[in-house]
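Put together the whole structure using the sequences plus the hints.
2 protein chains.
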Amino acid sequence: MKLATLKDGSRDGQLVVVSRDLSLAHHAAGIAPRLQAVLDDWSFLAPQLDDLYQTLNEGRARHAFPFDPRLAMAPLPRAYQWADGSAYVNHVELVRKARGAEMPESFWKDPLMYQGASDELLGPRDDIVCPSEEFGIDFEAEVAVVTDDVPMGTKRADAGAHIRLLMLVNDVSLRNLIPAELAKGFGFFQSKPATGCSPVAVTPDELGGAWKDGKVHLPLVVHWNQVKVGEPNAGEDMTFDFMQLIAHVAKTRNVRAGSIIGSGTVSNLDRSRGYCCIAEKRSLEMIESGSAITPFMKYGDTVRIEMFDDQGRSLFGAIEQRVAPPAKR
Amino acid sequence: MKLATLKDGSRDGQLVVVSRDLSLAHHAAGIAPRLQAVLDDWSFLAPQLDDLYQTLNEGRARHAFPFDPRLAMAPLPRAYQWADGSAYVNHVELVRKARGAEMPESFWKDPLMYQGASDELLGPRDDIVCPSEEFGIDFEAEVAVVTDDVPMGTKRADAGAHIRLLMLVNDVSLRNLIPAELAKGFGFFQSKPATGCSPVAVTPDELGGAWKDGKVHLPLVVHWNQVKVGEPNAGEDMTFDFMQLIAHVAKTRNVRAGSIIGSGTVSNLDRSRGYCCIAEKRSLEMIESGSAITPFMKYGDTVRIEMFDDQGRSLFGAIEQRVAPPAKR
Numbered sequence: 000m001k002l003a004t005l006k007d008g009s010r011d012g013q014l015v016v017v018s019r020d021l022s023l024a025h026h027a028a029g030i031a032p033r034l035q036a037v038l039d040d041w042s043f044l045a046p047q048l049d050d051l052y053q054t055l056n057e058g059r060a061r062h063a064f065p066f067d068p069r070l071a072m073a074p075l076p077r078a079y080q081w082a083d084g085s086a087y088v089n090h091v092e093l094v095r096k097a098r099g100a101e102m103p104e105s106f107w108k109d110p111l112m113y114q115g116a117s118d119e120l121l122g123p124r125d126d127i128v129c130p131s132e133e134f135g136i137d138f139e140a141e142v143a144v145v146t147d148d149v150p151m152g153t154k155r156a157d158a159g160a161h162i163r164l165l166m167l168v169n170d171v172s173l174r175n176l177i178p179a180e181l182a183k184g185f186g187f188f189q190s191k192p193a194t195g196c197s198p199v200a201v202t203p204d205e206l207g208g209a210w211k212d213g214k215v216h217l218p219l220v221v222h223w224n225q226v227k228v229g230e231p232n233a234g235e236d237m238t239f240d241f242m243q244l245i246a247h248v249a250k251t252r253n254v255r256a257g258s259i260i261g262s263g264t265v266s267n268l269d270r271s272r273g274y275c276c277i278a279e280k281r282s283l284e285m286i287e288s289g290s291a292i293t294p295f296m297k298y299g300d301t302v303r304i305e306m307f308d309d310q311g312r313s314l315f316g317a318i319e320q321r322v323a324p325p326a327k328r
Numbered sequence: 000m001k002l003a004t005l006k007d008g009s010r011d012g013q014l015v016v017v018s019r020d021l022s023l024a025h026h027a028a029g030i031a032p033r034l035q036a037v038l039d040d041w042s043f044l045a046p047q048l049d050d051l052y053q054t055l056n057e058g059r060a061r062h063a064f065p066f067d068p069r070l071a072m073a074p075l076p077r078a079y080q081w082a083d084g085s086a087y088v089n090h091v092e093l094v095r096k097a098r099g100a101e102m103p104e105s106f107w108k109d110p111l112m113y114q115g116a117s118d119e120l121l122g123p124r125d126d127i128v129c130p131s132e133e134f135g136i137d138f139e140a141e142v143a144v145v146t147d148d149v150p151m152g153t154k155r156a157d158a159g160a161h162i163r164l165l166m167l168v169n170d171v172s173l174r175n176l177i178p179a180e181l182a183k184g185f186g187f188f189q190s191k192p193a194t195g196c197s198p199v200a201v202t203p204d205e206l207g208g209a210w211k212d213g214k215v216h217l218p219l220v221v222h223w224n225q226v227k228v229g230e231p232n233a234g235e236d237m238t239f240d241f242m243q244l245i246a247h248v249a250k251t252r253n254v255r256a257g258s259i260i261g262s263g264t265v266s267n268l269d270r271s272r273g274y275c276c277i278a279e280k281r282s283l284e285m286i287e288s289g290s291a292i293t294p295f296m297k298y299g300d301t302v303r304i305e306m307f308d309d310q311g312r313s314l315f316g317a318i319e320q321r322v323a324p325p326a327k328r
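Just so you know, the protein sequences line up as chains A and B, in that order. In this text, residue positions in the first sequence follow numbering that gives the first Met the number 0: the first is 0, and each later residue adds one. In this text, residue positions in the second sequence follow numbering that gives the first Met the number 0: the first is 0, and each later residue adds one.
Calculated from the structure, these hints are not laboratory results. Watch out, some of these pointers could steer you wrong.
Copies of the same chain are indistinguishable here, so a pair counts whether it falls within one copy or spans any two.
In silico DMTMM-like cross-links for lysine to aspartate or glutamate, where the CA-CA straight-line distance does not exceed 20 angstroms [claimed, not checked]:
#: 1; residue 1: Lys6; residue 2: Asp148
#: 2; residue 1: Lys108; residue 2: Glu180
#: 3; residue 1: Lys211; residue 2: Asp40
#: 4; residue 1: Lys327; residue 2: Glu205
#: 5; residue 1: Lys227; residue 2: Glu319
#: 6; residue 1: Lys183; residue 2: Asp67
#: 7; residue 1: Lys327; residue 2: Asp126
#: 8; residue 1: Lys183; residue 2: Glu101
#: 9; residue 1: Lys250; residue 2: Glu133
#: 10; residue 1: Lys183; residue 2: Glu104
#: 11; residue 1: Lys6; residue 2: Asp40
#: 12; residue 1: Lys327; residue 2: Glu132
#: 13; residue 1: Lys250; residue 2: Glu132
This structure is a prediction, so every number in the text was calculated from the model and none was measured.
Below is the structure:
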């Protein structure tokens, strides 16, 4: 099934079920007030939502209305955890190569992951607000999963059952703040502002055969200012699958329901597939010609991130964000 | 006022108001179901809670009952953000000196901060569960604030008004996992398991004159296995006050209500005040004798963290946690 959260002026919005083709929505408040509540009690509530979803798809739902992604918040407008991996290790290697840094061999075996901020997750049409264009504003197109409760010590073999939902995310990065921040040794902080999310989150069965071995075997299509810049296949070159990423998070702690775990920028070794973040393009330019030519995003720039099934149907709806300065106060 | 969250089998517990002397509690469900809801709408709900608090302190509350910290969850059992600073820079300098690393001069001007996991925060008597004693289990006694909504770009001068609550935290660290994790460049992850919290969170006015310039000017008392090992004054040697820490978090993003921002391990230059984490003790040993003698915590070890006003009254109640292996499944 497909679930979304609609803006209603509140912090957590209104949970709705969305039809498979993303055309219709139906309020689900009679079943659960918000998505977090569903994740808190998945086995009891999800079947009820799924019944509504079937009814909606069959055109029999009594109070269906058009689904407008412009009114969507993030599926979880605020979450208790956002942990982002760098599962496409060839991307990590490339970026490091561009700045002349060796990549430790261990990066192929031990997932790289950072703890992100989850107190404000952006809806698919919310602006990317940034105080300065000089910060090096970049998008990062990713796939993410949402888990239920994962007990400490859960291994890869048992982690798959904890994946309740999938969605797309735009892990916005402020590239020019990263070097100084990583040099301090404590990881990203100011360099990772609020993350954008796709209009709907979907259960794994919605992906059919494309969801296999903890990976989504479909291209992730990225447009920057209406120009297609990337369509790498998210199922290829993913060194760590989502089960491995979940096991990594759960090694020393319980992972509680509603945790969002990201893949990191999708990236294929086949460079003809383009890029999911500008940093990758710039790294390739550095390696080829010694200098990065492509600039980062400017105010007014747009990024569109979407994934289609093999019949060209949008699975999650599109993230479509514009970069903007802070509103005057 | 003083607020706590009592265990009731649910994920978020029951909000209660606690008397100033920590002896009595009163359910607050008629005002707000849980602490997050209060922080979401502070100016409307806090005065109502404060009325109840006054009534409770005056012995006129109709349904008061004994407050038992053993039944307390973390004030926010799950939070949307936990960002921890390292505001006692002399501690950072010491730890780095012990491992032969210079500390960049910028550390005195630009706060060091990491994003922590907040999907599970431990109550004051919850065990510190760790899969292995070999991970180098350490406590870190800290002060933390809880904010309401802090808009992006908020400066230090405006940040103080956003501090709604204060509490103590035990930022448990797995020291032997840290070197490899920091070497990867993305900061702490597995090395920072669930954080423990004091029984109550209190409004700044509860601290009277001890709350000044965004710092708590009182000793933080730490016992390890019933032996007092530290009582540094949290108001001394705090290079960055809480307003600066909040401004740091808000530089590139909105900070949403219920965000917890920590001071980092409290540490005084006056070494006679002892230590708030074992790593500091070990660093001193390294510098003095070339090797660290004091071991990290073992299963069964306890840590007690508490703060008293100048008349010896406990302000937040005590964090009192025991280290334990995971339960057999």
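Right, here's what the structure says about each hint:
no., hint, in the structure
1, Lys6 with Asp148, "between (27 angstroms within a copy, 18 angstroms between copies)"
2, Lys108 with Glu180, "between (25 angstroms within a copy, 13 angstroms between copies)"
3, Lys211 with Asp40, "neither (25 angstroms within a copy, 44 angstroms between copies)"
4, Lys327 with Glu205, "neither (42 angstroms within a copy, 36 angstroms between copies)"
5, Lys227 with Glu319, "within (13 angstroms within a copy, 56 angstroms between copies)"
6, Lys183 with Asp67, "neither (43 angstroms within a copy, 42 angstroms between copies)"
7, Lys327 with Asp126, "within (15 angstroms within a copy, 47 angstroms between copies)"
8, Lys183 with Glu101, "both (19 angstroms within a copy, 12 angstroms between copies)"
9, Lys250 with Glu133, "between (38 angstroms within a copy, 14 angstroms between copies)"
10, Lys183 with Glu104, "between (23 angstroms within a copy, 11 angstroms between copies)"
11, Lys6 with Asp40, "between (23 angstroms within a copy, 18 angstroms between copies)"
12, Lys327 with Glu132, "within (16 angstroms within a copy, 52 angstroms between copies)"
13, Lys250 with Glu132, "between (38 angstroms within a copy, 14 angstroms between copies)"
In this structure, the hints that do not hold are numbers 3, 4, 6, in rising order.
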